[in-house]
Structure formats: C-alpha cells, structure tokens
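So the sequences go chain by chain: B, Y, A and D.
Residue numbers are given in full-length UniProt numbering: position 120 of the first sequence equals residue 120, and the series is strictly consecutive.
Residue numbers are given in full-length UniProt numbering: position 31 of the second sequence equals residue 31, and the series is strictly consecutive.
Residue numbers are given in full-length UniProt numbering: position 227 of the third sequence equals residue 227, and the series is strictly consecutive.
Residue numbers are given in full-length UniProt numbering: position 207 of the fourth sequence equals residue 207, and the series is strictly consecutive.
Source of the hints: derived by calculation from the structure; they are not laboratory data.
Here the structure is a predicted model, which is why all the values come from computation and not from measurement.
One or more of the hints may lead you astray.
Stated by the list, open to error - Straight-line alpha carbon distances no greater than 27 Å define the calculated DSSO-like cross-link-like pairs of lysine-lysine that follow: (1) A:K352 to D:K90; (2) Y:K183 to B:K325; (3) B:K304 to Y:K302.
There are 4 protein chains.
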Amino acid sequence: MFGIYGHSRAAAICYYGLHCLQHRGQEGAGIVTVQDGEMMVHKGEGLINEVFNEQILNSLKGNRAISHVRYSTGGDGGAENVEPLVFRAKQGSMAITHDGSLENADELRDRMEEMGSIFQTNSDSEVLAHLIRRSMHTQFVDKVKESLRSLVGGFAFMVLTESQLIAASDPWGLRPLSVGRLKDGYVVTSETCAFDIVGARWVRDVKPGEMIIIDGEGLHAEPFVMGGSKNMCAMEYIYFARPDSDLNGINVHTARKRLGKQLAKEAPVDADIVVGVPDSSISAAIGYAEQSGIPYEMGLIKNKYVGRTFIQPSQELREQGVKMKLSAVRGVVENKRVVIVDDSIVRGTTIKRIITLLREAGALEVHVRISSPPLQYTCPYGIDLKTSEELLAANHDQEEIRKMLGMDSLAHISVEGLVKAVGTFNEDGSCGQCRACFNGSYPTHS
Amino acid sequence: MFGIYGHSRAAAICYYGLHCLQHRGQEGAGIVTVQDGEMMVHKGEGLINEVFNEQILNSLKGNRAISHVRYSTGGDGGAENVEPLVFRAKQGSMAITHDGSLENADELRDRMEEMGSIFQTNSDSEVLAHLIRRSMHTQFVDKVKESLRSLVGGFAFMVLTESQLIAASDPWGLRPLSVGRLKDGYVVTSETCAFDIVGARWVRDVKPGEMIIIDGEGLHAEPFVMGGSKNMCAMEYIYFARPDSDLNGINVHTARKRLGKQLAKEAPVDADIVVGVPDSSISAAIGYAEQSGIPYEMGLIKNKYVGRTFIQPSQELREQGVKMKLSAVRGVVENKRVVIVDDSIVRGTTIKRIITLLREAGALEVHVRISSPPLQYTCPYGIDLKTSEELLAANHDQEEIRKMLGMDSLAHISVEGLVKAVGTFNEDGSCGQCRACFNGSYPTHS
Amino acid sequence: MFGIYGHSRAAAICYYGLHCLQHRGQEGAGIVTVQDGEMMVHKGEGLINEVFNEQILNSLKGNRAISHVRYSTGGDGGAENVEPLVFRAKQGSMAITHDGSLENADELRDRMEEMGSIFQTNSDSEVLAHLIRRSMHTQFVDKVKESLRSLVGGFAFMVLTESQLIAASDPWGLRPLSVGRLKDGYVVTSETCAFDIVGARWVRDVKPGEMIIIDGEGLHAEPFVMGGSKNMCAMEYIYFARPDSDLNGINVHTARKRLGKQLAKEAPVDADIVVGVPDSSISAAIGYAEQSGIPYEMGLIKNKYVGRTFIQPSQELREQGVKMKLSAVRGVVENKRVVIVDDSIVRGTTIKRIITLLREAGALEVHVRISSPPLQYTCPYGIDLKTSEELLAANHDQEEIRKMLGMDSLAHISVEGLVKAVGTFNEDGSCGQCRACFNGSYPTHS
Amino acid sequence: MFGIYGHSRAAAICYYGLHCLQHRGQEGAGIVTVQDGEMMVHKGEGLINEVFNEQILNSLKGNRAISHVRYSTGGDGGAENVEPLVFRAKQGSMAITHDGSLENADELRDRMEEMGSIFQTNSDSEVLAHLIRRSMHTQFVDKVKESLRSLVGGFAFMVLTESQLIAASDPWGLRPLSVGRLKDGYVVTSETCAFDIVGARWVRDVKPGEMIIIDGEGLHAEPFVMGGSKNMCAMEYIYFARPDSDLNGINVHTARKRLGKQLAKEAPVDADIVVGVPDSSISAAIGYAEQSGIPYEMGLIKNKYVGRTFIQPSQELREQGVKMKLSAVRGVVENKRVVIVDDSIVRGTTIKRIITLLREAGALEVHVRISSPPLQYTCPYGIDLKTSEELLAANHDQEEIRKMLGMDSLAHISVEGLVKAVGTFNEDGSCGQCRACFNGSYPTHS
C-alpha cells in the first residue's frame with residue numbers, strides 16, 4: 001500500500017514505491033490517480049511488472065494517487081478484489097485500499113445487505129466505503145472518522161478523494177503505516193523501505209487510532225479514537241517485512257539478527273556450519289553464527305528464476321528426484337553437522353523438505369533453530385494463518401514435531417526472548433508487539 | 001547448456017535443468033528433442049518461463065534433447081541467434097548449441113561464404129554446422145572431430161543427431177562442461193548445480209580437447225586433440241557460476257569465501273561492518289567478515305522484483321532521487337565505517353552508485369574490497385569484456401580509480417592470491433585457471 | 001444478449017449464439033453460468049474470440065447461462081461496464097444483462113445513491129439490480145416484476161439466478177427478444193439468427209411488457225404491465241439487425257430488399273449501375289437494381305481484414321492518398337453513372353468519402369439513394385444517436401446536403417414508404433415500428 | 001507480396017498494401033526494410049494485424065521494402081518459413097520473397113546440399129538465395145538473372161538489396177505481378193487492388209520471363225529468358241484474386257460476373273431464387289441471376305466474426321445441430337427452388353454442408369452451378385491442389401457427384417466457356433490462361 005500527494009508524476013512514484021512492497025503481495029496490483037475531479041484507475045492480477053507498462057503509467061494522470069499490491073488470505077480470490085477500489089458517485093468519487101483484515105467485516109456486511117446495499121467484492125475496503133456512504137455526517141472527514149470507529153481488527157486504510165488523501169491505522173497499532181516527505185508533497189506507505197527508493201524522507205509513523213489528512217493545506221493528524229496502543233504484528237519483524245524497513249523505529253534486519261543471537265543463547269548446539277533458509281532467515285542465521293562462533297555457510301540455494309509461471313514437476317518426476325525452488329549445496333554440507341535456521345514452522349512441509357535435501361546432500365546431523373516461538377493460534381488481523389488445524393505446533397509438542405520431521409534437535413525462540421530481542425515497547429513499558437499467534441492473547445479482545 | 005539422453009520426458013528434464021543455468025543467460029531459451037528421426041524445437045527470446053509453457057513442453061517429444069539459455073556478448077542480438085540451432089537435411093538432421101566464443105569464427109565464416117555458404121545467424125554453432133557439412137569424412141563422428149579441430153577459442157559444444165548426443169570441450173579447458181548419470185541415461189551440463197535438481201549424480205567433467213559420444217551403447221569418450229590442459233575461466237569462480245556448482249571439483253561458494261578471506265589478509269581495514277554486494281559477492285563478503293572479525297551486515301538490498309520489463313525511471317525522476325534495483329539500509333549503515341566487498345570493477349558505474357547510496361544513507365567511511373584482480377584485458381572466450389576502452393583498470397591505476405569513484409580506500413585481490421584461494425591446478429602443477437583478463441596471458445596464444 | 005436454460009454445455013452454446021450477435025456490439029463480451037448455487041463468470045473487452053478460449057469456456061460449468069456483447073452508446077466506457085453483471089449476496093446471487101437504454105436511469109440512480117446505495121458501473125443493469133434488492137416483496141419474481149415497472153425506455157433484460165432464467169421486454173416493444181426451443185431446454189436471444197446456429201427452433205417473441213420465467217418446471221410467461229404495444233426500432237430493420245434474422249416475423253434481408261424496391265419507385269434515376277455500400281446496404285441495393293432494371297455491380301470493396309487493431313494511416317499518409325477500409329473498383333465504376341445505395345446518413349462523413357472514392361475511380365455521375373428517411377431526432381432507446389448537433393438532416397435540408405457532399409442527386413425513402421415496405425403492424429392496425437428518429441414521435445412520451 | 005522503392009515510410013506503405021493481399025495468405029506476414037546498408041525485419045505467424053503494431057512498424061526504417069503474406073500449400077509449415085527471408089553476408093545482405101511454387105525445388109536443393117549448402121527452411125526463396133550465392137557472375141543483377149533461368153514452375157520473386165529492388169515473373173506468366181507509380185517511387189504487388197489503397201497508379205504488369213530492376217536511376221526492365229507467354233492461373237480469376245483487382249487488364253469481378261452469365265447460358269434451370277456462396281461466388285451468382293432473370297437473394301450468411309481463434313464445436317455439439325461459419329436464411333429459402341452458385345468443388349465437403357443447410361431451412365430443390373470446370377488435375381504452381389486423390393472430379397463423373405452430394409442438378413462451366421468468359425489472350429491468339437487443373441495440359445511441360 002503506497003500513497004502520494006503532491007508530485008506531478010504520482011502514478012510513476014507509486015509504481016516505484018510499490019516495487020519495494022511487492023513482497024507483501026504478489027497476486028495483483030493497482031494504482032488510482034485523480035485529476036480535475038476524474039479518477040483514473042488501472043489494476044490487474046499478477047506482479048506489478050505484469051500489470052503495468054509505460055503507456056498505462058503515462059495514462060494515469062494527476063499529482064496524487066493511492067496504490068496497492070494484493071496479498072490474499074484465503075477464500076477471497078477473484079480479479080474484482082484487486083485494490084484500490086473506486087466508488088464513483090454524483091456527490092464525488094473516492095478510492096479506497098487497505099492492508100490487514102477486519103474481524104467484524106461479515107457482521108457489518110450482513111447488516112448493510114439487509115438494508116439493501118449491494119456488495120461487489122469480498123474486500124474490507126468495500127465495507128468501509130458503504131459505511132462512509134451511509135454515514136449521516138455532512139463533512140467527508142467526519143463520515144470517514146465515524147466509519148473507522150465501527151471497525152474491529154488489524155488494518156491500515158488509505159482513502160483518496162478529489163481533494164484529500166486520508167490514511168488511518170487501527171487503534172491497536174497492529175499493522176505498520178508511515179508517512180514521508182518529498183520536496184513538494186507527502187508519501188504514505190506500509191513499509192519505510194519504500195521511502196528511500198522514491199527519494200523521500202521518513203516523517204512519522206501513523207499512530208494507533210490515528211487518522212492523517214493530507215490536502216492543499218498540508219498534513220493534519222487527529223485521532224479517531226482515544227487510548228490506542230502499539231501492538232505491532234510480531235510476524236512483520238520475524239518474516240513479513242523487508243529487512244531494510246524500520247518498524248516503530250527498529251530496523252528489521254537488525255531485529256532479526258538479534259533474534260538469531262538470542263536463539264543461539266537460548267539453544268546452543270555443537271555443529272560445524274550454520275545455514276539460513278533463503279531469503280527471510282538469512283539475517284537470523286548470520287546472528288546465530290556470530291553469537292555461536294560457528295561459521296555461516298551458503299548450504300541452501302533458492303532458484304530465483306522459479307516464478308509464478310514455473311511448471312511444477314509432475315508427481316512422477318518428483319519421485320524420480322526432480323526438485324524445485326530450493327537445493328542443498330553438496331560441496332558445503334557434505335559430512336557436516338548443520339544448524340539450519342528458519343523463521344517459522346507452519347505446516348512443517350517446507351522444513352521437512354529442507355531436512356531431506358540436506359541429508360541427501362550428505363549432512364551428518366541437522367539441528368533446526370526457529371527464530372519465532374511456536375505458532376499455536378490463528379490470526380484474524382491479516383496474516384495467512386486461518387485455521388488451527390493447519391498449525392503443527394497447535395497440535396503437537398516440540399518433541400513430537402522433532403521426530404515427525406526427522407530433526408536431530410529442534411528449538412524455537414521463547415516469547416520472552418522475542419520480546420527482548422525485538423525491543424519495541426509502549427510508553428507504559430508494555431510490549432509493543434502482538435504475540436497472539438504464539439500465546440492466544442488477542443489485543444482486540446482485551 | 002543442458003543435454004540429456006535416455007529419459008522419456010527429456011524436454012521436461014531440460015526445462016528443470018535450464019532453470020539452474022538461467023543465471024548464465026537471460027536473453028533467450030530453447031529446447032530441441034528428437035524422436036523417430038524428427039527434430040522438434042521450441043525457442044524464444046526472454047526467460048525460460050516466458051518461452052515455455054506446459055503445452056509447449058508436452059509437444060516436445062523424445063527421450064533425448066539439448067537445450068540452451070542465451071547470453072549475448074555484444075553485437076550478436078536477434079531472435080535468430082537463440083540456440084539450439086537445427087539443421088535439417090536429407091542426409092539427416094542435427095541440432096547444435098554452445099557456450100563460449102570462438103576466436104577464429106569470422107575467419108572461418110569468411111572462407112566458407114566465399115565458397116558459397118549462406119549463414120543465417122551470427123552464432124558460432126552455425127560455423128560448426130557448416131564445417132561438419134563440408135567435411136569429407138563419411139562417419140558423422142569423424143566429421144565432427146575434424147571440424148572441432150578447426151576451432152580456436154573457449155567453447156563447449158553439444159550436437160544432437162537422431163541417434164547420438166555429442167559433447168565437446170575446447171583444448172584449453174576454458175569453459176566448464178560436466179557429465180552426470182540418471183537411472184537410465186546421461187545428462188550433460190554447463191554447471192554441476194543442474195545435476196541435483198533433476199535427480200542426477202556427477203560422473204565426470206569433460207576434459208580439455210575431449211569429445212563425449214552418448215548413444216544406444218552408452219557413453220564413450222575420446223580426445224579430438226592431444227595435449228589439452230585446464231585453463232578454467234577465473235571469472236566463473238569469481239562471479240559467473242552459481243555458488244552451489246563445482247568447477248574442476250571445487251565448490252564455487254567455498255572458493256569465493258576463501259577469496260574473501262585471502263582479501264582480508266591482503267588488505268585489512270579498520271571498520272565497523274562488512275557488506276556484500278548482492279547476490280554474487282555475498283560469499284566473499286562473509287569470508288572477509290569471518291577472517292577480519294568485523295560483523296557481516298545486510299547493508300544493501302537488491303529489489304528482486306525488478307525484472308526485464310521494469311520501467312526505468314526517467315532522467316527527471318532519477319534527479320529527484322528515484323532509485324532502482326539496489327538500496328542501502330539506513331538502519332544498518334548510518335554512522336558506520338563500511339567495508340563493501342564486490343566481485344569486480346568493469347566500468348565502475350555500479351560501485352560508484354553503491355558508494356553514493358551508502359554515503360547518502362549515512363555511512364561514515366566506505367572501503368572497497370574487490371575479490372578479483374584488476375580487469376585489464378579483453379576476453380575472446382565468452383565473457384562480455386569486449387573492448388579495453390570500457391575497462392577502468394586498463395586505463396587508470398588504483399589510486400586514480402579510488403579518487404574517481406570517491407572511495408576511502410580500495411584494494412583488489414592479487415593474482416597470486418586468486419590462484420592460491422581458488423586452488424585448482426593441472427597435474428604438472430601449473431595453475432588450472434585462465435587469468436588472461438588480469439595479466440594478458442592468453443592460453444590459445446601460447 | 002443470449003441466454004440458455006437446460007443444456008449441459010450452456011457456456012459453449014452461449015459462445016456460439018453470441019457469434020451471431022457480434023454485429024450488435026464489438027467492445028466486450030461476457031458469459032455467466034450457474035451450477036450448485038455458484039455463479040461463474042468470464043468477461044473482457046474486445047471481440048468474443050479475444051475474450052474467450054477453450055480453457056475458459058470449459059471452466060464455466062452449469063446447464064444455464066446468460067451472455068452479452070457490449071455496444072457502447074457514448075460516455076459509458078470502461079471494462080467494469082462489460083456485462084453480464086454479477087451480484088453476490090448471502091440471500092443468493094444473481095446476474096443481469098440488458099440491451100437498449102433507460103430514459104430514467106439517472107433519476108433512479110440519483111434517488112438510490114441518496115439513500116446510501118453505491119454504484120460500480122454506468123450500466124442500466126445495475127439500476128435494475130439495486131431496485132430488485134430494495135424491493136420489499138418476498139418472492140424474487142415479484143421483486144423483479146415491481147422493479148421492471150419502474151423502468152422507462154427501450155430495453156430487453158435477462159436475469160439469471162440459481163434456479164431461474166427471467167427475460168423481459170419493455171412495454172413499448174422497442175427492442176427485439178425471442179425465445180427458442182432446444183431438445184431439453186430453452187434459449188432466449190436478441191435476434192433469431194442465433195437460433196439456427198445452435199440448433200434451436202423459434203417458439204415465440206417476448207411481447208411488449210411481458211416477463212418470461214424459465215425454471216425446472218418449464219417456461220411461464222406473464223405481463224408485468226398491461227396494454228403494451230409493438231414499436232420495434234425501425235433502425236433494427238434498416239441496418240442494425242442481421243439479414244437472416246426475423247423481427248416480428250419479418251425477415252430482415254427481405255424487408256431491406258423491399259425498402260430498396262420502394263426507394264426505386266419513389267426516386268428513380270437514369271444510370272448505368274447500382275452499387276451498395278457493404279455490408280448492410282447490399283440487400284437494399286439489390287432491391288433497387290431489381291426494381292429499376294439497372295444492373296447491380298460490386299463497385300465498392302470493404303477490406304474485411306481491417307479489424308480493431310488496425311493501425312490507422314497518419315494524417316500525412318492520408319494526404320498522400322493512403323486509404324482505409326473501403327475502396328472503389330475502377331474496373332467497374334470508370335465512366336459509369338452510378339447509383340449508390342446506403343442505409344442511412346448520420347454525420348455524412350462516410351458517404352462523403354465514398355463519393356470521393358467513386359469520382360477518383362472515374363465515375364461520371366454519383367446518385368445517392370438512402371433506404372431510411374432522414375435522421376432528424378435523437379434516440380433515447382439504445383441506438384447511438386445521442387445529440388441532434390451530429391445529425392446532418394436535423395440541421396440541413398436535402399438540397400443543402402446534396403451540395404455539401406457533392407452528389408449529383410440525393411433521395412431518402414419516405415416515412416410512409418418505410419412503413420409500407422417493412423410491413424409490421426399491431427393488431428389495431430397501427431404501425432409496429434418506432435420511427436421517432438425520423439419524426440420525433442417518441443412512444444414512451446405518448 | 002508487396003514491395004516499394006522510394007517512400008520515406010516504406011514499411012507503413014507495405015503494411016497498408018499487404019492488407020489488400022491478406023486474402024492471399026493468412027498464416028504469417030513479414031516486412032523487410034533497408035537503410036544505410038542495414039536490413040531491418042519483422043515477421044510472425046498469424047494475420048498482419050496480429051504480427052505488426054505501431055511500435056514495430058516505426059522501428060522498420062528506410063525508404064524501400066519488400067513484404068509478404070504467407071499461404072501454405074501443405075507440408076511446409078513452421079515459423080521459419082514466413083517470408084521475406086533475409087540473408088546477411090559480408091559481401092552485402094539481401095532479402096527475398098516469392099509467390100507460387102517451383103517444380104524443381106527439391107532437385108536444386110538436393111544438388112546444392114550435396115555440395116555442402118545448409119538449408120534452414122523449406123522455402124523456394126532460399127533455393128533462389130543459394131543459387132545467387134553460388135553464381136560465378138560478378139554483377140549482382142547477372143547472378144540473379146542466371147539463377148532465375150534455373151527455375152521451373154509458377155513464380156513471382158522480389159529481391160531487395162541495399163541499393164536495388166528486383167522483381168521477376170516466371171517465363172510462363174503463371175502468377176500475377178504488377179508495377180505501380182507513387183509520386184517519388186514505385187510499388188510492386190501481386191495484385192493491382194493494392195495500388196489504390198496506397199495512392200499508387202498502375203504502370204505495367206511484369207511480363208513472362210521478365211526482370212524489373214528499380215534503383216536510384218529509376219525502373220529498368222529486361223528479359224531473363226526469351227519467348228515467354230502468358231498462362232495466367234485460371235483459379236486467380238475464378239476465386240483466388242480479389243474482385244477489385246485487374247489480371248492482365250481484366251477486372252476480376254467483371255470476369256466472374258461473365259462466368260456466371262456464361263454458366264446461365266450453358267446450364268439454365270427453372271428455379272425461384274439464385275444464391276451465391278459468400279464471399280468469392282457472389283459476383284458469379286449475380287451474373288447468373290441477371291442472365292437468367294431469376295432474382296438474386298441472400299440465402300446464405302457467412303459469420304464474419306468466425307476467425308482463426310474460433311473454437312470449433314465438438315463432435316457432440318455438431319450432432320446436436322450446432323453450426324459454424326455459414327448459415328442458411330430460412331426466411332429467404334423456405335419453400336423455394338434454389339440455384340446455388342459456387343466457384344469450385346474440391347473435396348465436396350463445403351457444398352455438401354451447404355446443401356444440407358438449405359434443405360434443413362426448407363428449400364424445395366437445390367440446383368448447383370459451378371463457375372469453374374471440374375478440377376481433375378493437381379497444381380504444381382502454387383494453388384493448394386496437391387494430390388489427385390483429394391479431387392472429387394478426378395475420381396467421379398458429374399452424375400456420381402450429383403448423387404453423392406444430394407443435389408437436384410449439377411453443372412460446371414465448360415473449359416471453352418471459361419476461356420471465352422474471361423477473355424484473356426496472347427498476341428498470337430492463344431488463350432492467356434493456365435487451365436492445367438481442368439485439362440492436364442501443363443505449360444511448363446510443353
């Protein structure tokens with residue numbers, strides 16, 4: 001999610017900014033601009049580079065825009081769900097996009113459908129749009145403010161109208177959202193890594209329960225609810241965000257390296273080499289290596305050319321040993337005792353395959369170290385952990401998992417170790433991370 | 001370049017094998033299979049995944065195939081140059097593909113054009129085809145052998161006929177070529193990293209001046225010239241090959257890490273962090289960090305979604321600070337003295353941009369360490385170093401370069417350090433690497 | 001617009017049926033099927049063959065479907081307007097498509113937007129959807145019936161639900177809609193020419209103000225208003241419909257030939273050859289030739305390969321004589337006195353270009369005969385005649401037009417001649433055609 | 001086949017010219033231009049509009065060009081056969097394209113392969129290229145002249161070099177080729193209908209055995225053999241050429257109408273309506289109607305939207321009555337005695353389907369009149385009549401055919417009638433048409 005206000009080539013800036021956010025969603029992309037009261041939109045399924053070309057980009061005129069890359073969290077497929085969504089009306093058009101997930105979307109939707117509303121998508125952005133349209137307030141900003149108050153969940157929204165760019169973060173501070181400064185304007189982005197690429201400088205993060213309004217008179221912030229506090233999704237630190245982003249002022253790569261060091265302290269092992277699972281676990285593996293003194297080696301290679309259109313090997317070919325995506329480097333791991341560092345275990349299928357690859361390549365021992373605590377609870381806030389049935393750690397203890405997946409040893413970081421290593425706190429000293437998927441303590445339920 | 005003999009789904013195996021070789025060429029891809037005397041071919045410009053889909057792959061029938069990814073070395077563009085090339089004739093069809101570059105291609109081509117031959121491409125493979133067709137020998141293998149003897153340069157060839165797969169390596173052993181074993185057949189590949197992915201095991205490397213013939217009776221090897229010796233391209237070790245490949249039995253990642261360690265010994269520096277230029281310099285940077293005791297950090301991020309169809313920012317946007325491909329991680333490099341490890345300097349444009357990125361992100365000092373000796377001579381053997389004008393080190397000494405590019409210090413590894421760190425030798429004790437681009441000593445000229 | 005109920009390959013039947021209706025709209029196409037309560041949809045901009053392929057067609061499962069080709073009448077562009085539109089809801093999904101145009105769409109839309117509805121498209125089908133959703137009736141058929149009563153204009157609608165296919169024609173009978181019989185089911189289509197291609201037989205036309213319901217119990221018809229009468233759009237007979245369709249039981253080619261004969265009676269001329277403007281005026285030209293005894297010749301050729309993606313010649317090339325689409329046949333028209341028969345004059349640009357072509361090819365005289373009366377009034381019912389400024393005959397008399405366009409003589413058929421030649425009447429003897437664009441007498445206003 | 005010399009936008013002119021020739025081949029298209037000694041080429045499979053877009057067209061620079069649309073005559077598929085073919089060489093590049101077919105291509109090819117030549121395509125153009133390259137003459141024009149003399153068959157060639165456009169017609173005058181004049185240059189085309197569209201005027205036809213050279217000094221013509229005579233392919237008149245073309249000065253539509261009139265004289269019948277098979281038999285049908293006095297009606301409709309990507313109905317759907325491409329107009333043919341006029345019967349499958357369509361639509365009688373004599377012999381000159389097994393009339397007499405195909409009566413025009421109706425003769429009074437497919441008298445064999 002990336003927005004801009006005040007640059008003559010707003011769509012192009014979105015295009016470059018979105019490239020830094022592509023890891024947050026590969027299923028679709030869209031940009032909406034506005035000029036002279038007319039909203040221009042282009043969206044499509046696939047990667048940014050598949051959706052946009054130069055001609056399209058040039059056709060999106062205007063000096064303000066919002067844009068999005070689509071990450072699907074199951075059951076909500078379909079081209080019509082690619083955002084931003086545009087809502088045209090005589091009273092004025094608006095475009096909306098969001099990150100995260102609402103807990104009460106179905107409830108709000110049902111209530112409005114009973115009152116005659118027609119929904120075209122499964123998107124939470126459309127829920128917000130209907131709330132705004134049904135609001136009895138007369139000022140647009142007040143309509144939005146009232147509507148945001150109805151929402152429960154982890155969310156960051158952007159709303160673009162003919163004259164304003166509005167951005168808001170949920171009262172629990174679950175999802176990241178930051179504001180930056182360009183020479184003559186502002187940018188708003190899910191992750192700070194997008195600032196540098198477009199020549200912007202960080203200004204501030206959007207606070208929990210806060211609404212930012214950018215218009216001809218500059219930037220103006222006001223809370224839509226009081227008493228918000230930070231509960232930034234821990235998985236953003238652990239694997240979702242890009243290593244060069246800062247979340248609540250903490251660099252992600254550095255946090256991950258500290259997670260690796262903490263893990264090495266909590267769960268040391270006698271081994272020859274440390275190997276990270278590419279790409280997201282490299283930082284933690286390097287931290288583990290540094291702390292433990294065991295050398296870091298490139299024992300696994302990810303084939304970066306295996307993209308969306310890659311033809312998966314048939315069952316028959318897989319049985320004949322044809323592999324995909326990842327391969328183990330025999331010259332590195334053969335006859336070695338390997339510590340493999342990964343960021344998380346969901347179903348366990350990936351790590352199981354990696355252990356097989358390493359053993360086939362001649363590894364003597366395989367010790368698994370995970371830089372997150374065991375995933376035991378589902379996430380209603382926008383991370384794709386939908387049912388507890390699919391979570392291995394929700395149904396098995398660590399020793400069972402170790403045996404099932406054929407590891408020589410297994411350890412996860414502790415929740416306390418996570419809190420300490422990341423090191424983000426509220427002013428009252430409480431932890432600034434949501435750890436619900438590890439401990440079942442949901443911020444919105446308390 | 002990947003070939004297979006003896007698997008019912010030969011084209012699919014090539015498709016998976018080629019994926020491991022995509023880094024060797026992104027401009028085009030092609031597969032030729034043969035069944036019942038009929039050659040089936042599909043080729044196209046772009047990445048493997050852009051050229052092939054499941055339907056096309058299924059249409060390429062037969063249990064033997066050769067395939068290629070195209071790497072252009074300047075001036076030889078055009079779709080018709082995508083290999084393998086197929087030559088149909090009443091006497092029997094053949095397909096040819098190659099890695100590397102012939103020094104005497106123009107001379108051979110001119111002589112044959114004068115004798116009435118028509119060339120359709122700029123490819124060295126077509127030169128070999130015309131030599132074969134004009135040979136007076138009666139046996140096909142003898143025609144090929146005679147033709148190979150006319151060739152001077154760095155090359156690895158594969159020739160597919162209705163009944164045979166022939167592979168050959170130049171007498172100077174400049175380019176890699178290895179043979180592996182499947183359950184019922186053989187594979188031949190430019191790099192050993194492709195064996196693992198298709199479930200094959202390494203058997204042997206093709207020796208300098210050797211020709212391998214695979215047919216219904218198995219594998220048969222014979223020299224086409226005597227007295228070959230290994231002069232494996234040093235740049236394969238330094239940056240071209242994949243880190244999980246073995247070249248002459250030496251793992252590439254391990255060799256690169258040793259290059260980094262050697263560099264740390266030859267050119268130590270007092271600094272806070274070591275940063276590698278992604279992707280090819282990560283191994284050397286980790287080696288440098290280990291040897292020097294300075295921590296390795298992820299100070300540069302490469303945007304992996306910037307692909308072939310990425311729209312480059314206009315001059316105007318670049319001036320406004322819009323960046324591409326690489327970004328520096330402020331949270332990592334700010335207020336740090338940085339050692340940046342890269343594999344080579346050609347024109348110096350990339351490293352100059354990196355230095356600017358690092359300084360803008362707040363680096364206090366930038367020390368550059370290069371894991372190859374200075375590139376001072378052109379390469380006629382298939383690496384894209386065509387003219388000495390473009391080689392910075394051919395025209396400036398180290399101190400000049402340091403100043404021009406704004407480095408706090410600069411050091412390259414020595415040629416002796418390179419020889420020692422890689423550690424590949426002939427049986428007579430001579431170095432097994434071609435170092436012509438560093439010292440001007442061309443193996444084919446001696 | 002083509003619908004089907006009761007064929008295991010409903011989507012394929014729509015695909016074939018739509019091909020017969022492609023002349024009614026080339027801007028987009030869509031098919032919706034329903035199976036086990038799930039609506040499957042595929043739509044896109046362009047011709048049917050550009051939007052659908054075999055894989056897509058096979059993915060649209062179910063034994064009932066509605067489909068559409070898009071004809072834009074100005075100002076309502078955009079991919080989101082391609083029909084059928086699908087409206088999903090907990091209470092059950094529905095798909096809607098329509099031909100024609102509502103006069104009171106804006107008024108209905110404004111009223112519902114004020115009540116909080118959000119519109120996603122400019123389509124009249126969405127207006128019907130919102131009316132249905134807001135209806136207080138409990139039975140779906142009653143909701144539809146009530147909603148249809150609110151609509152004013154020329155329209156034919158199809159509504160598909162999980163269990164029913166509903167089709168309706170406006171009370172003034174302005175747009176054609178017919179029902180046919182397959183072995184085990186029914187088809188509904190804008191034009192009867194689609195019956196033959198799918199192996200169906202004509203059963204009945206949908207009457208003015210009538211609603212047809214097809215479900216598991218067969219076909220059931222009931223009026224949604226009383227007192228409807230036929231006012232079939234005269235332009236359907238004159239140029240819009242395909243010559244092999246029957247409108248109100250009258251074959252279109254035959255009607256056009258009678259128009260040509262009537263025109264020859266009303267406006268004879270002394271000439272050497274009769275030439276029709278391809279494709280829609282060929283029938284009338286042959287009628288004119290037969291009645292007048294002047295031979296019919298192929299004096300104009302239309303380039304059938306000039307499609308949507310044709311690159312129009314630049315201004316510079318046009319000035320150098322590069323032509324498009326139509327060319328005159330010198331060998332036929334040179335030194336001849338030509339009667340050119342066309343179906344209508346809107347702005348006059350096409351006929352002006354034709355006259356120039358004929359004179360440049362050596363025609364001695366050019367006499368223009370038009371098989372419609374002069375177009376003097378706009379059409380609010382779905383024919384693309386939006387503003388009277390663009391209608392030449394609304395602003396100039398016949399002699400002025402003749403001079404402006406450089407004709408030797410000009411004649412249109414009379415309104416009385418049109419009525420007589422087409423020959424469709426209501427039971428009370430009143431004319432069964434809408435002639436509003438000729439005489440300003442709008443059926444919905446009386 | 002379309003060439004141009006002397007227009008700043010040569011590629012664009014080819015693009016427009018080719019559109020008039022698209023009926024001569026729909027399988028591929030290509031344009032080659034030359035500027036400053038560099039040949040630029042773009043080719044592809046499919047229709048012109050699928051192969052070219054504006055960007056491609058603009059990239060083909062130069063003021064001279066040759067271009068081609070591909071018509072395959074069986075067994076010579078493959079993208080590499082799309083013409084023009086470009087042959088680059090140090091001595092200078094050339095591009096070649098051709099219409100027609102060589103009888104002695106295999107023989108010439110075999111002889112040159114034995115001498116070491118490599119052929120890349122099955123195209124006759126490549127045969128000419130190899131002959132030119134092997135010629136011992138020193139002047140390029142002499143090389144071409146010598147090479148043309150070796151060719152036997154029906155052909156028209158164009159050769160483009162850096163400085164010249166050469167065009168040649170076979171000594172038997174089997175295939176059409178005409179030269180026209182632009183303001184500052186010349187165009188050469190397979191059919192004259194392309195002149196008008198690009199603003200050119202006919203200058204002359206290329207004579208049998210003549211070679212035309214266009215260069216900086218203008219147009220120069222010389223025979224490459226003496227004693228040529230016109231034997232223009234009769235099928236060009238009957239169905240292949242476009243009705244607005246002139247062949248040897250005779251307009252094709254007019255010739256076809258005369259064929260219809262002659263047919264009405266030779267084979268009258270008592271019937272109610274005359275119907276032509278669209279598109280190529282309309283002219284003949286109108287001639288038959290005029291001569292006989294029976295009215296011409298549009299009893300068959302061709303669906304013009306059934307293109308290359310149309311999904312053919314499955315066997316199952318065909319059995320259920322789903323039709324393709326052609327439909328009969330019930331409102332026109334029901335209860336009528338129909339004369340159906342078609343241009344030829346090859347296998348008889350199309351006419352059989354038409355007869356079924358007409359009978360199903362209620363025709364009382366179906367009388368078939370064919371505007372060519374019975375096709376009894378194969379064509380080696382470029383018309384797709386490869387084997388006599390496929391020719392119905394080579395294996396059955398007229399009464400057998402009538403019964404097999406279920407006609408009420410059947411008649412073909414006589415060979416004498418054809419000669420008379422077309423009316424093209426040599427100066428010595430001999431017939432100027434090749435009638436070999438009707439009477440087995442091959443011009444190249446005498």
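Right, here's what the structure says about each hint:
1. For the hint linking K352 of chain A to K90 of chain D, the alpha-carbon distance of about 53 Å lies beyond 27 Å, and the restraint is violated.
2. Using a Cα cut-off of 27 Å, the hinted pair K183 of chain Y and K325 of chain B holds, with the two alpha carbons roughly 22 Å apart.
3. With a C-alpha separation of about 12 Å, the suggested pair K304 of chain B and K302 of chain Y falls inside the 27 Å cut-off, and the hint holds.
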